[in-house]
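So the chains spell out like this:
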Amino acid sequence: MKKLPLSQLDAFFAALAAGQELYIPAGDAGTAAFTPWREGLKLTPALNTSRSAKDLFFPQVENLVDFKVTGKQIEIIENRAPAKPFVIFGVRACDCRSFDILDKVFLADPADTYYKTRRENGTIVTLACTEPEETCFCTALGIDPANPAGDVSGWIAEDTLYLQANTGKGSALLETLPMLEEGEKPELDQPVFDRLPLKDLDWSAFGGERMMEHFNSPKWASLAESCLGCGSCTFVCPTCQCYDIKDFNTGSEIKRFRCWDSCMYSDFTLMSAGQPRPTQLERFRQRFMHKLVYYPSTHEGEFGCVGCGRCLQKCPISMNIVKVAGTLGKEETP
Amino acid sequence: MQERIKAKAIELLESGVCGRVLGWKTGEFFYDVTPAVFESREEIERDFVFGPFCGANLSKYLIAESRKGGKVGAFLKPCDTYSFQQLQKEHRILPENVYAVGVQCGGMCDIDAIRAAGIKGVLDVEEQGDSLLVHTLYGDKSLDRAAALSERCRVCKSKKILGCAELIGEQGEEQPSARFEQVAELEAMTPEERFAFWRGELSRCIRCNACRNVCPACSCEKCVFDNPSSGAENKAPANSFEENLFHIIRAFHVAGRCTDCGECSRVCPQHIPLHLLNRKFIKDINELYGPYQAGADMDAKPPLVNFQADDPEPSVVRERGTNP
Amino acid sequence: MRHDPLIPMLAQVTDIRQDTPDVKTLRVVGLDGKKPFLHIPGQCAMLSIPGIGEALFSITSSPTNEDYLEFSIKKCGCVTDWLHAMEPGQQVTLRGPYGNGFPVDTDFAGKDLVFVAGGIGLAPLRSVINYVRHYRDRYGKVDIVYGSRSKADLVDYQEILDEWSKEDGISVHLTIDNPQPDWDGHVGFVPNYVKELAFDTGRTVVMCGPPIMIKFTLAGLMEQGFPRDQIYTTLELRMKCALGRCGRCNIGDKYVCKDGPVFRLDQLDQLPDEY
Amino acid sequence: MQKIGVFVCWCGSNIAATVDVQAVSDALAREPGVVFSTNYQYMCSQAGQDMIQEKIRELGLTGVVVCSCSPRMHEATFRKACEKAGLNPYMVEIANIREQCSWIHKDKLSGTEKAVLLGKAAVAKVHLNTPLTAGESPVTKRALVIGGGIAGIQTALDIAEAGFPVDIVEKKPTIGGKMTQIDKTFPTLDCAACILTPKMVDAAQNENINILSYSEVEAVKGFVGNFTVTIRRKARFVDETKCTGCGLCTEKCPQKKVPNEFNLGLDTRRAIYIPFAQAVPKAAAIDPNYCTMLKTGKCGVCSKVCTVGAIDYQQKDELLEREYGAIVAATGFEPISMDKFDEFAYSQSPDVVTSLEFERLMNAAGPTGGTLLRPSDGTHPHTLVFVQCVGSRCDGGEKGKPYCSKICCMYTAKHAMLTREKYPDTEVYVFYIDVRTPGKNFDEFYRRAVEEYGVHYVKGMVGKVVPENGKLKVQASDLLGGQQLHIDADMVVLAAAVEPDKSARPLATMLTASMDTNDFFTEAHPKLRPVESPTAGVFLSGACQGPKDIPETVAQAGAAAAKVIGLLSKDRLTCNPCVARSDELMCNGCSACEKVCPYGAITYIDKEFRGPNRTTLLRRVAQVNPAVCQGCGACTVACPSGAMDLQGFSNAQIMAEVDAICK
Amino acid sequence: MQVNETFKPTVVAFCCNWCSYAGADLAGTNRLQYPADVKIIRIPCSCRLNPLFILRAFQRGADGVILCGCHPGDCHYTTGNYYARRRMTLLFSMLDYLGIERERTRVEWVSAAEGAKFAETMNDFVETVTRLGENRRLEDLRCKSE
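In order, the protein sequences belong to chains A, B, C, D and E.
Going by this note's numbering, the first sequence opens with residue 1, and the numbers climb by one from there.
Going by this note's numbering, the second sequence opens with residue 1, and the numbers climb by one from there.
Going by this note's numbering, the third sequence opens with residue 1, and the numbers climb by one from there.
Going by this note's numbering, the fourth sequence opens with residue 1, and the numbers climb by one from there.
Going by this note's numbering, the fifth sequence opens with residue 1, and the numbers climb by one from there.
Just chain A, same shape as in the assembly (with noise of 0.2 Å):
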């Protein structure tokens, strides 16, 4: 293990920063964000960024392939910028295993060529959660907040950063920064996981084998009653990953891109021949259906969701996973 006083913070950015882009999560509280580093640049003080992690490898909107239309001729143009190796500071535990439920995704064969690129390419610094929010239930889904994942897992005690490879990919990260010392971090006692309001959530009644019935279940009307039908839950979800693939037209080629969609969206199924999921009954339902029931079904039981919380705090009326879970698990469980 490897450690590092906090006041040489700026130094170890400025070196990460030397050979490739760093990010770390900067801004207030509400809209902190991973930013590119650059001098002056501080760690948030907010526990997370207010959008996930997920946009350094599934930016919201990519370019695919380009296209020059010439009479009856098409031209299929790729230039892809060439990948760049990036690190990104700061993921918390959470973020952290949202890129397993993405891999399983965007790596499946045949594999997304994009992600799996921003994937290679990127290195990830993870960083220990000393005071998580009340929304925070990662814990109930097996996450340790305090001992987060990644290529490098990094802690926070006292003055001092101490940071552990994971990886090769981490090690050889970590050779490069001279700053750093050899160092062994302190065990820390953290009551507050204990105290957390959501840490008991139980959501043993999820998962593929009672896809028919909680399909079916009743609960949905008044759940999904009150939704709006924006994307703000899927947008700042760090295991979102629908998409759209559309074409623009610059006046002189065809840019075909692909940019983040949301289930929520009324016009996400449309089609000319109908709308399989015609009301918001059926697009909400689709969501949490795939988190709780569909994704586990086809992933050796995980759930697509890894507790972060950020529904909970950014949905306009206040509806969640976490509402939803317990509304449907409760009527399993009378």
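Warning: the hint list may mix true and false statements.
[Claimed, not checked] Derived lysine-lysine pairs resembling DSS-like cross-links, with alpha carbons at most 30 Å apart: (1) D:K595 to B:K301; (2) A:K323 to A:K219; (3) B:K301 to D:K399; (4) B:K222 to D:K607; (5) B:K89 to D:K595; (6) A:K68 to C:K35.
I should point out that these hints are in silico values taken from the structure, not numbers from a laboratory.
The hints should help you fit chains B, C, D and E onto chain A, whose structure is shown.
Below, chains B, C, D and E without anything else, positioned relative to chain A:
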């Protein structure tokens, strides 16, 4: 207040005046209140809340609720009633199917404002006169109630309840408000500063459409941004242009109709001060075409479908001077 | 730079056939003039016109056709409008094949088959039918029930008349919804016709058509006592990626683009009713 | 995908001199959808047109772009040519490369470049053009004139003379309007009744004119050529067809205390009355507010004396529905109320009168039999003060009107002159802000009043009138003399501003005709279409459009009639197909479009739509009447959802042009 | 300010069919010169101009957008330009508020008789836009890459 409202809700249901009532439903925490439709005494007694975190403007829901058949009861705060009236003017809410009860409001708190004050792990809040005692995972903190108010309530423009069948609490009045101060501050900046300010704000936009979907004025059957044949269809901000485009056009489409209810800013997950765009239009309209408050008057013609022969020329914008 | 599954290949439309007033069949080859890829009957591919959009179509030609792919396309939206306006020689982009396809070499082998199609629903079945015709000895009796609104709306009418109905062991039963002067065949809706034909309940049924047809045909088949695991259908939902990622086409935990589009009825019974 | 032909015109050397036409046609040939592109010396020549037609037929062109002079010049030519070859005329677009390119740019390179871009924009637009067909609607060959004053009568007479039937709807029991109350007319001083009453008789006797007196318009539906109007025929309690106008009933009626509105309340009439001797129709009417029979059921004198049995106490209002092709608003004016001008003591002294009341006091058929007497005591007045601009030209508009009422200067001069002529012993003062006398023989008339008749014209306003000891103490300022004047007057005559009749505003709403802030009807174009309302098929006659005197009113009445005749002489109306269209699926029903439509072309209906899960939704949606829409496009921008689009200038078409130009 | 000598702006002029388009034609008939950078799009009335079109123009590479219509009071459709005036005033004010150069957008009333005014207006506007340089604050880089 809460008890009076709950009693009224039950009365409306049991007297048969309404088949269902629209109100606010308790959540996991003290602050995560959800708009909800209540259909029974039991639901109301168990889940109905009214308190300092019932910020959601229920008028938007009345568009759909007033078309579902039967009469719906709705509890509306003063600023919600402006939207309520505006939507009736636009024939979006069918007033005959709504029984509106105005509830006076002392200003709504915003959990994000509490968090912005640096308070983490908020578990509960106690109102102690002008201050709030906040219980957190990390001990108790004290905060001025004013600091916990949402921005729109800090500059509350009116406590007047409009167009309701009855009131709970006192009828209020329009009141002087500092709501245009921030707009004026921006106007006083150089264009370069303004540009930098708005780039900083709008570049955070993730186009989640929360602002649009919560907005009572944005109730189009099909939004131009969702319509492939509109020429403006746009799902995600690919670059700064599209960020600007969405917010300019959205603000323009609600100009003269926006009641300044502030929901857009309240719900923005990225904390973009969207109200500053809408208020700019309101301020301009007030200054150029005379005071106009959307929703206040059922008969007044909205400023963008109206004109005066001696309206100022568009050149007033250029003539404001280059460096104020 | 690695090739991404979302990046299509170029292909060329070599021939366009107007099948019915609103259905055209496009013949597509790679830029080298050859068939772009191999496929299984029932599989689909993404066609696109850059700037207009991409859409998934079932491949109507049989895998046994070694020269080209064919797509029968009904005009029903932006992309299909443009595809209908195409001229031979025009390029399109293509990616695929996608989906599971029909179990032609496993479950279907040796079975007596009944194909039930309505309108454009014949498109995905045509691939199977021609496959079955090609390997005629691998399958038992074949009946094809095909109906449409009118004679003019029967897709591949000439092929059906000239080839399918002349083949030994294949019976073609055509029907149209309403009587018309130049039609001396059966008149009536497909579900009723299927009922009238009273097929042996031991046969394997492959259906594709409008939801209302599927619904009533199924009801009839159930009444006749067909086991649900002998009935196959193919589904269509909105999709963007065809890789099971964009999140649109799932029915429960199954993605139509990846785990479908062909489903057996007993499989669908296990899935939510959201299609 | 369209098959587009591009035809680039040289216009001799007009275009070819500064635009490389060959380069333009070559560049445009490479645009998507362009299957043919050429250039030619004179596209508009017969040979040029033939070429276009030939290519349409030969290549099956679905769209044509002509790069030539302004579309204002030859768009119609090329459209017609293409139509002859079987192409929809609205599939033709013109790129203006002459007026807006070759003629203003000297540099051939940049001129050519611009011409290519303009051509590309036209090609891009044609791609999105759709064939449009001009709709047609039939024309009901009958006109409705609302208001039976001199404006309405003249309009009706002129229309009737041309052979079209006309209905005049007049709310009073007789036609004639304000002019019947006027004594003499300026500047000729001929008697108003002498020139008006024959016209009234003409109208009554004209076979094509149907006078619906004592009637009001209740509702208007439809559009140009096809209006359906509901008219309320108020119960008159006298059978108009039987009444001979003998007047016996009006003499015998015991209810004598009814203020006589014809004389502006200066005297009284009976409960059953004929407004004045020359009324048309000359038929009595019972005033239900005063008739004892109608109020208490006891009396019936008139019924008893009537020899023809015309009295019918049971008569009810009757609703009449009639079809019209054109409607003329001729609702006229009225003097404003003097309530807000108490400084002139109008409410305090009967000797303070308005000019119209003064007309009655001077009129031989008036309450005083034509002798000027003070209403208060019936004595002869010696000092008269006329106050002009009472309520006219008021800034701020709180009290009066911002506009000039136009006629007051002249009738005041007339009053002053007549007073001095008839009663040389009088002193007549006229207080004015300005004296405005533009008009034939007007200024001469005014000067005569001053010079020959010795009327004292004083520039200045009267500040206060105080009744005191039978006199009216007038305090006024003499601006030119720079002094305060105190006059002890016997009478004060107020030149009250005129305002549109109160019935005009509700009528305008029914007609969807626009009004200005003063409630005068707005004309379709202030200069070029002064007698038409922006609402097609609705025309304006007389003072309802703005203050005017009699000759102007008659002139406008004739002009309106000419417009009506022009409309009614058509069997069918061709509509401009470039009109707005509402996509009902997207329409919110918010009424924004309706509010900006200057023509009232947009109406709303509640329509059922299919909702999710087999439900039906009732939604309010906008509908555009293509016969009324003029295609300005105001609604398309007012519509937030973009449901409203304009055919021929659609959002997509304009954006395609923008894209092409900015490329 | 650094002025790029070779910078040729793209200027879109939306002209109402009845007054300003005719005014532009008159400028042509009278051979009054103005830069070829101005391209005119004909619309029936100034009130047809949707703010979306203006933004679209900037997105696609315009450096300046001008709307010309009949003088207030002279609208062919009587009231169209009054609505356009309010809309454009508010839109321009909003663009200015966002820090976008206020000289890039303009409204001028040009009658059918004012060919000279049309040419003068265009000369002046092009000069102003040229001085401002390329539109950077409301650009869409995708449309600029060749």
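Verification of the hints:
1. Of the pairs offered as hints, the one joining K595 (chain D) and K301 (chain B) holds, with about 8 Å between alpha carbons and a cut-off of 30 Å not exceeded.
2. Annotation: proposed proximity of K323 (chain A) to K219 (chain A) holds, straight-line Cα distance about 11 Å (limit 30 Å).
3. Of the pairs offered as hints, the one joining K301 (chain B) and K399 (chain D) holds, with about 24 Å between alpha carbons and a cut-off of 30 Å not exceeded.
4. In summary, the hint linking K222 (chain B) to K607 (chain D) is supported, as the alpha carbons are separated by about 17 Å, within the 30 Å threshold.
5. For the proposed pair K89 (chain B) and K595 (chain D), the alpha carbon gap of about 12 Å is at most 30 Å, so the pair holds.
6. Of the supplied pair hints, the one linking K68 (chain A) and K35 (chain C) holds, its CA atoms being roughly 23 Å apart against a limit of 30 Å.
When each numbered hint is compared with the structure, no violation occurs for any of them.
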